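Here are the chains, one letter per residue:
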Amino acid sequence: MKKHDILTDTHPGEGPAAHHAEHIVPLPVYFAVFAALIVLTWVTAFVATIDLGRLNVFVALSIAIFKASLVLLFFMHVKYGTRLTKMIVAAGLYWLILLLFIVMQDIWTRNWMGVPGR
Amino acid sequence: MASQAPVFQVRHHFENAEQQKDASTVGMWLFLVTEIMFFGGLFLAYFVYRQWYPEAFASASGKTNLLIGAFNTTVLICSSLTMALAVHYAQLGKKNLIVLFLILTLLLGGAFLGVKAYEYHDKWVHHEVPGANFECEGCVDPGHTSLFFALYFGMTGLHATHMIVGAVILLYLIWQAKKGAYTAKWFTPVEMFGLYWHFVDIVWIFLFPLLYLIDRTKTGFGI
Amino acid sequence: MTTATAAPPQTERKTYLNSAHGVKSWLLTSDHKRIAVLYMISVLVFFILGGLFAVLIRLELATPAGDLVESNTYNKFFTMHGVLMVFFVLIPAVPATLGNFMIPMMVGAKDLAFPKINLLSWYIYVVAGLFVLTSLMMGGVDTGWTFYTPFSTSYSNGYVIVTGLGIFISGFSSILTGLNFIVTIHRMRAPGLTWFRLPLFVWANYATSLVQILGTPVVAVTLFLVVLERGLHIGFFDPAYGGDPVLFQHMFWFYSHPAVYIMILPPMGAVTEIVSTFSSKKPFGYTFIAFSSVAIAVFGFIVWGHHLFVASQSIYAGMVFSILSYIVGIPSAIKVFNWTGTMYKASVRLETPMLYALGFIGLFTVGGLTGLFLASTGMNVHLTDTYFVVAHFHYVMVGGAIMGTTGGMFYWWPKMFGRMYNQAWSKAGAILIFFGFNFTFFPQFILGYMGMPRRYHAYPPEWALLNSLSSAGATVLGLGYAIAIGCLLVSLLKPVTETADNPWGATTLEWKTQSPPTTENFEVTPVVTEEAYTYSSEEVVHVG
Amino acid sequence: MGATNFQIFPEAASTIATSVDGLYAYLVIVSAFFSLLVAFLVVFFAVKYRKKDDTIPKPADEHSIGGMILEITWSVIPLGLSMVMFAWGASIYFTESRPPADSLEIFVTGKQWMWKIQHNEGAREINELHIPVNQDIRLTLTSEDVIHDFFVPAFRTKTDVLPGKYTTEWFRPTKIGEYHIFCAEYCGTKHSGMIGTVYVMNQQDYNDWLATGSGEGSMAEQGQALFNQLGCGNCHASQINKENGRCPNLNGLFGTTVDLKDGSRVRADEAYIRESILYPQAKIVAGFDDIMPTFKGLLTEDGLLKVVEYVKSLGPKNGTQTSVPPAPVMTSATEQQAPAQARPAARPAAPGNR
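Chains as they are written, first to last, in the working numbering: chain A, 181 to 298; chain B, 40 to 262; chain C, 77 to 620; chain D, 19 to 372.
Any given hint could be a false lead.
Which chain A residues stay away from chain B? Per the calculated CB distances, all over 10 Å, these [claimed, not checked]: (1) Ala240; (2) Lys259; (3) Trp292.
In silico BS3-like links for lysine-lysine, alpha-carbon gap of 27 Å or less [to be verified]: (4) Lys192(C) / Lys218(B); (5) Lys76(D) / Lys66(D); (6) Lys314(D) / Lys162(B); (7) Lys102(B) / Lys259(A); (8) Lys102(B) / Lys279(D); (9) Lys224(B) / Lys266(A); (10) Lys259(A) / Lys60(B); (11) Lys421(C) / Lys70(D); (12) Lys314(D) / Lys102(B); (13) Lys257(B) / Lys76(D); (14) Lys421(C) / Lys66(D); (15) Lys133(B) / Lys259(A); (16) Lys69(D) / Lys421(C); (17) Lys224(B) / Lys192(C); (18) Lys503(C) / Lys193(D); (19) Lys503(C) / Lys70(D); (20) Lys69(D) / Lys503(C); (21) Lys192(C) / Lys60(B); (22) Lys134(D) / Lys193(D); (23) Lys217(B) / Lys192(C); (24) Lys257(B) / Lys133(B); (25) Lys208(D) / Lys134(D); (26) Lys76(D) / Lys421(C); (27) Lys266(A) / Lys102(B); (28) Lys259(A) / Lys218(B).
These are calculated hints, taken from the structure and not from any lab test.
Being a predicted model, the structure only gives us computed values, none of them experimental.
Ideal Cβ positions, reconstructed from N, Cα and C, are used throughout, including at glycine.
Can you build the whole structure from these sequences, using the hints too?
So this is what it looks like as structure tokens:
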């Protein structure tokens, strides 16, 4: 197996070369994240039983987004990942929002002309 | 030249172990992006119909059991922790702990699926499965509640399918880990599977509020 | 350009073709080149099958009355034609065959990042194809390739579930190919091969892969919902439960419009290579062509609603989608002008691949410009669902994508198999295809503006002349394809070392090794020090 | 329409057709110019710069000022030309989506594989549409099964006909004659047989034709008959007023804005009436209970149209059969902002129409 030693050249334009030694997340971080996730789960469940009007949806989704971010950043190591990893995650979320938002802008504006089907 | 670990060799088309691992990570993340879009279609349908039929969705959501839902969410988060720990000990190359935490992950995943099966059974008994015998007793705007349950089963079903696939892969990983296949030098499968498992967890983190928590002010915790 | 050199000629050179023998060595291979060949064979089979349905369609439409087959049968013909050509021919046509073969070589790698996944993707493709063929054997499906609900879920009398599952499965093959390409292009480039030294074919396939991994899952889940709705009577899109058929159309076209770019971008990449090589000149506006590929992929995702202008989406949404559709037209225009600009003051050789490439430029231009008609909301209301649309997308898909694919095949054929085809015959084939194509599809623009709707089994007699002209043109077109395919296949009978390693004097990395390549592609990983297109006079070899 | 009558351009028989043809001419000229330009350049370069010797052409410097100017030129000119296409097309599209206020209303129901057409005055026909020349015609369309599309090439307009909702199409015929109707959205086995003929007649002929109608009375009258037959009048009868009635008063309802129980508001249009008949619990009027049973399955799409037409005839101008002028941007979708501010706890209103 041939090998050359200028691996950095293999990934030009990728920023710092992928020489990252495995980043080991300290155990307390995992447990802190875990505790936060559990607490938030029950918080969101209890909040849902209180009538906050429109805020209910907002709170539920905010907590969900926060929890998901915790998992993403710490359990899935995105925080310690390469720039490419972060870009891929961002692209995935961006396209999801694209799909949801562009369809919803049709849904929200249906019937604007005051004529059925328009 | 890559390290000559007994069970691990860099595949012929890679320059070295680092490039190989890097490729796996990028590939796995790309796969997860496709998974996001895969679930995205269902989320889209959910948002459209909830926008149109808020009353039907609220009252149909009241038919789910909040206590069970929150409990199951907790179970899944626990399994995510054990998975993270399995990866952690893989990084440290501690074979027995890898095996232990993978088994714990499998058990917790199994528990989640068991609870889910119970919930499905409950829905079946109450004729809350869309189809010919569907009825939503005491629901507001019952004509549109079928959509909620169609999405409920579609989304949780797809999620559960991912869990089942995950469980099968876990069995394989446990078997391999017992043989000592994963070392501090090479544990890519464990790490990649970890990403998958956490992703499935994230999906549930969104499914829980969307399906169980639409309007609990009237129904509260009890059902 | 690189340090890699071709192996010295021997009587029996070691190549990927003779490195191992037997069926098993092919079916269990993880060599991207062999997998590309497997894909080539299977895509060709589906192309011939899909073409057969096209022949039947044109035969039926040669006369106004629906007298050849029953309407139900006709509906199955155009459905099978669409399903096979879209999902089993056009989508994998270039990425899975030429892309699979060339991308690793162009980036100086020994293989794709995940060779086994590459093989898996071929098996998934075959299984998906078997599903569709099964539905064909059982009696076919009559929904059209678009599977619009509620027709597909409640009213169709065809085998929607089997076909839908087939397409669902084929999606994963496409996703895995795209995933493999992106990882390979990001992580496997040879030392010194910066992004802007990459051949433009690589850029085009990279952009395609983005569409594949981001769009395909959505159509997969959409078709899965259709299957569930049909099989289990769970209403997802059914108006009887308050569902929205237009939501299905949104979800379907979220993939299926960008899918058009999956089909056209890689042939565009191939055409860029061909035009550059046969002009012996660096493509004019390299960076513009490169970024236009990515721009098409990205903007292509936000224009799908132009399929829904009369489908009762909101007027506001219609206008947004219309203006976005015009924006995505600009990068395509940039490409056309840059190809033309490349030929300016060049040294043009009109070899067979170049004929295809020039044909591509002409036909794609017409296809693209007629797209402007359809992006205009007021115009679209009249033209949508008519033969104008049929003509438009055949200009893009057949005149564009298939023309570019065939050109690519003729261009890389000596690379892949080390054989040169008959020049006179292959040129005759190219010319026949060009003229046959125009005879077939140009009349359909006129028919469309006259109002002839798509998917009609019978039509009013005043359209008979244009339709029979179209059917006659299809005969010429079919003959052209037969000659082209025949040329390539016949060349395989020749001895393997018949041609030079680099008969065209091309400069990109894949031509720097022997033709056909060895299993490892490169003896030594090349170190790249130059841009992809640096022509020097000694490399040009004349073709006999 | 003789069998040998070979045409390459369709007849233009409506006001919209003329404007669409104008846009078409522009598009054809622009496309022809660029197609020929590219074709000419490709052929010209291929001939002029045909390889003569082994010299290698100098690569163009794309980063030079000239190269950059070229790239910008051939991006900006097409962009400018296409923005004209967008604006021109959008203005036609906008016109097509707003039927004039005093249009003649006709109701179309698509069904595999025929068009059922009902005139306000009661005349009914299948696969034929008789209309007077030089009058705005407004079609309200729905489907009993799959998606169809009502397409009249001579009028250059079409619209999808969907199950479960109403869509609208309008045109003003300008030429007396017979024109094709096609179903343009694939709808199954006999899709190509789902065709018909529009007869554009002068006003007198049209009146004569109407007089030979079904004799069952006007749409609204037939709707009233259904209304009574189904027992709707027991509760919704107009003499019972809101205070002591259990059901909302329908008099003068159509076109007004209704306050719903959940605090949101909705415009009483065709879609709302339709939904309230089929899914009575989806939108409960403020001050009432959800006691109304569903009439899903009890009414055909034709019948539903008649009942809707009857409710329409009750208001807002009581007793007269006029169509409601398309109110400028008065929709449930926009209105949900206003009550939401007043009542923060309110749920967003579902759009009245899907």
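Against the structure, the hints:
1. Ala240: 4 Å, violated
2. Lys259: With a cut-off of 10 Å, Lys259(A) remains clear of chain B, as the shortest Cβ separation is near 13 Å.
3. Trp292: 15 Å, holds
4. Lys192(C) / Lys218(B): Satisfied, since the Cα-Cα distance of roughly 23 Å is no more than 27 Å.
5. Lys76(D) / Lys66(D): 16 Å, holds
6. Lys314(D) / Lys162(B): 25 Å, holds
7. Lys102(B) / Lys259(A): 39 Å, violated
8. Lys102(B) / Lys279(D): Holds. Lys102(B) to Lys279(D) sits at ~22 Å (cutoff 27 Å).
9. Lys224(B) / Lys266(A): 24 Å, holds
10. Lys259(A) / Lys60(B): 18 Å, holds
11. Lys421(C) / Lys70(D): 12 Å, holds
12. Lys314(D) / Lys102(B): 24 Å, holds
13. Lys257(B) / Lys76(D): 78 Å, violated
14. Lys421(C) / Lys66(D): Holds, because 8 Å separates the two Cα atoms, which is no more than 27 Å.
15. Lys133(B) / Lys259(A): 24 Å, holds
16. Lys69(D) / Lys421(C): The hint holds at about 10 Å.
17. Lys224(B) / Lys192(C): 22 Å, holds
18. Lys503(C) / Lys193(D): 52 Å, violated
19. Lys503(C) / Lys70(D): Judged against 27 Å, a Cα distance of about 20 Å means the pair holds.
20. Lys69(D) / Lys503(C): Roughly 18 Å between the alpha carbons, so the hint for Lys69(D) and Lys503(C) holds.
21. Lys192(C) / Lys60(B): Distance of about 16 Å is within 27 Å: holds.
22. Lys134(D) / Lys193(D): Since the Cα atoms of Lys134(D) and Lys193(D) sit roughly 24 Å apart, the hinted pair holds (cutoff 27 Å).
23. Lys217(B) / Lys192(C): 25 Å, holds
24. Lys257(B) / Lys133(B): This hinted pair is violated, its Cα atoms lying about 50 Å apart.
25. Lys208(D) / Lys134(D): 16 Å, holds
26. Lys76(D) / Lys421(C): 8 Å, holds
27. Lys266(A) / Lys102(B): The given pair, whose Cα atoms are some 39 Å apart, is violated under the 27 Å limit.
28. Lys259(A) / Lys218(B): Judged against 27 Å, a Cα distance of about 32 Å means the pair is violated.
The structure fails hints 1, 7, 13, 18, 24, 27, 28 (numbered hints given earlier, in ascending order).
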